[in-house]
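Trainee: Those sequence lines, one after another, are chains W and G.
Read the first sequence against the working numbering and you will find it ends at 162, with the numbers running on by one and no gaps.
Read the second sequence against the working numbering and you will find it ends at 659, with the numbers running on by one and no gaps.
Keep in mind that the hints were calculated from the coordinates and are not lab data.
There is no bait here: all hints are sound.
Output of the computed footprint for chain W on chain G, the stretches with three or more beta carbons under 8 angstroms from beta carbons of chain W:
no., segment
1, 343 to 354
2, 359 to 369
3, 377 to 388
4, 391 to 403
5, 486 to 495
6, 515 to 527
Each computed EDC-like pair below joins lysine to aspartate or glutamate, with the alpha-carbon atoms no more than 16 angstroms apart:
no., chain 1, residue 1, chain 2, residue 2
7, G, K382, W, D94
8, G, K472, W, E146
9, W, K74, W, E36
10, G, K476, W, E148
All residues carry an ideal CB built from backbone N, CA and C; glycine is no exception.
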Amino acid sequence: MHTLKITAIIYVILAAAFSTAYGQEAYDINSTEVKEIAGYLSMEGHSEHDLATCSTKQRYYEEIAEMLNDGYTKEEILQDYEAMYGEQGFREPDKSGFSILAWTIPFLMLGAGSTAFILRIKKQVNNQRRENETLPAERNADENTEDEVIRTIIEEEKRKHF
Amino acid sequence: MHIIGNVSIYLAFFLSIYAFAAYVLGIKKQDQRLIDSGKGATMGIFILASISMILMFVLLGTSQLQFEYVYRYTSTDLPVMYKLAALWAGNAGSLLLWTFFLAMYSAMIAFSRKMKRNPMTPYIISIMMLNVIFFYFILSFVTQPFTLMDGVPPEGRGLNPMLQDPGMIFHPVTLYLGYVGLAVPFAFAIASLIVKSMDAFWIQMTRRWTIIAWAFLTLGNVIGGYWAYTELGWGGYWAWDPVENASFMPWLTVTAYLHSVMIQERKNMLKVWNLSLIILSYALTLFGTFLVRSGVLTSVHAFGETNLGAYFLVFMAFMVILSMYVLMSRYHLIKKDTGQFESFLSKESSFLVNNLILLGATFAVFWGTVFPLVSEAVRGTKVTVGVPFFNTVMSPILLALLFIMAVCPLIAWQRSSMKNIRDNFLIPAIISLAVAAVLVIMGIRDAYPVIAFAIISFMVLTHLVEFIRGTKARRKVTKEAVPVALFRLMIRSRRRYGGYIVHLGIALIAFGIVGSNFDVERMETLSIGESMEIDRYTLTYENLGQRTEGVNDIVFANIAVEKDGRELGYIQPERIFYLNWEEPSTEVAVRSTLREDLYVVLSGWEEDQRATFQVKVNPLVKWIWIGSYVLVIGSIFAIWGGRYGQVTPRYAGPERKVH
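For reference, chain W alone in the conformation it holds in the complex (with noise of 0.2 angstroms):
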């Protein structure tokens, strides 16, 4: 039973070394970790400044590092700053709530556009479509860029003669 003590105290004080040494080294401003969380903040309206010389940037990126660090997960630190700010600490709004509106009113506003756009030209295509059966076969034909090339030299031709 002894032995089993002292084993465990072992243990924990080695694991506890272990994370001090590696733990607070793997996180520093530079890590791929720390950017992406903080891709989703704020940072009180200095998310689009220079890390270089922004002194609150900085302090941000450092913060986030030190809870990666002390063992916080990526969720705990942005619940953490949820929490702490609201949906103001973070640089767009949330996808729920009122402010799913945000997200969606202008993917609503492409869709009406598109349906009035497809039933408008389709009432138009059948309307013509009814009044082509009546014209000659080459009323119908493409018009594609050898037309317009030859037609265009054919112009010039004109303008050179007449």
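Position chain G relative to chain W; hints supplied.
Mentor: Relative to the frame of chain W, chain G by itself:
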């Protein structure tokens, strides 16, 4: 001098009211003398605006610190180039520049050879005059450029160091030329509605104006992007900042307009749509100015918070209501003889899809920009709508736009067959898919860059196919040599091939933007002689030095750069300390190649000469600037005069006694 300055402003204000009244009365009474008098007044306004501008340049250049504007934005030690550029550093000066451009454009239209004896002219200039009156009202009563101080201060406050950059000379001027340029097609559009001239005359007459305005708007945005890229603290070349968005929105709507007018000219379609687009574009220029000058949204690019925004909002509302009223009152006339779509698969419908996407993009930018205000108004929380939001929302929209740009040129007018589609698209599509496959094999796993690079390749290839088809068709008839046939093909359809060159420029810009997302960044503190590695570069910090330039002190670091073990020389990031400005500025050192930019910032240093550097490797950024040059070349090519296709359009609308 302040008397001359103030008189030039007040006199021009009253003259603009007189000119407007003369045009309106002249039109009402059909009295040519009144119209001629209005034209004289228009020229007078331009002369007075020129006097104001010259005077302001003289005051700034000679450091007349008794003038508040000179005191607030310059100091005696400022290089003369920046003293002069300070004219548009503040509200009053920049609005004076805007007014000058407006007065210049109004005079150009009033005395245009092409508009001689045209009954639309008095209407067009009176609409321009409404703008001039508004701007002179602001300059006379809200923000006056020639205000005197109580005494003469020994030194001015100086120009913000961030503005002491060549970008300051070109960016505001090009952007304003773009903004003001849009007032011209707007005035033509409203005038054509008032005189009930429902054909495409106004579009043909303003084609060059609009392309020039669009090119300046593009140039303004690109120069601004380059400036923000090299100026620290502005978030890189594009940060979806409200002020950046403000100039991007009219760019998108004018781009839509430039495409849809082709359908009206050719097929007599989309008349209401085109009128609405030009009204919207014009309104967005005013809305942008409201954003920049009101302080309602936080932006690093905005002028200080003033009450100017409210005036712009009221004026914008007035002009939009006026134009909508005119549009609605002529709606039945516009709808007469309007062309119809004949197929889902035609150039017309693909242009309309392009318009739809561009307007969708405009709305998404607008919505993202104002959403913090909406959120605050509805629930009292001002949320941040930053880069991640815009990247998420705009990426699919802009990719769709690139795809439509790729497809549009090869679809036939009127009606396209499946054979036409297959013949034109098969090879470009196969090659683009091969590009996507190569990228995946190279290790790129994110969907967006792979799709984006594939679409960009598709777009470049379809355009090359179009050049090849045109050249072949010409050679079949003329038997010319390939270069001759290509050259003649292009100069005989300048607008079409100029447009294609612009498209290729956009493809290069998109290539650069997508590539720049693969950037890597490190920040490290180094002692002298120490090195850091980033990507394939090794940077060795050799020493920290100091030098004096004029009254400014500059601290710089010498860094030796190696790439894959090969010496590339030195780069020198700096920090500048100004005599008349508290905050130092940071000058980035950029080593730019077609492949990538090495971007080094001197962040700080200690007494023992240890220094902290932020180093980035930004891939393909140079292609953004190359694409911009191509785009401008394409615009110039499209509008350049010559023997072909630049015929003055004939006015066929209702006649009047006055012109």
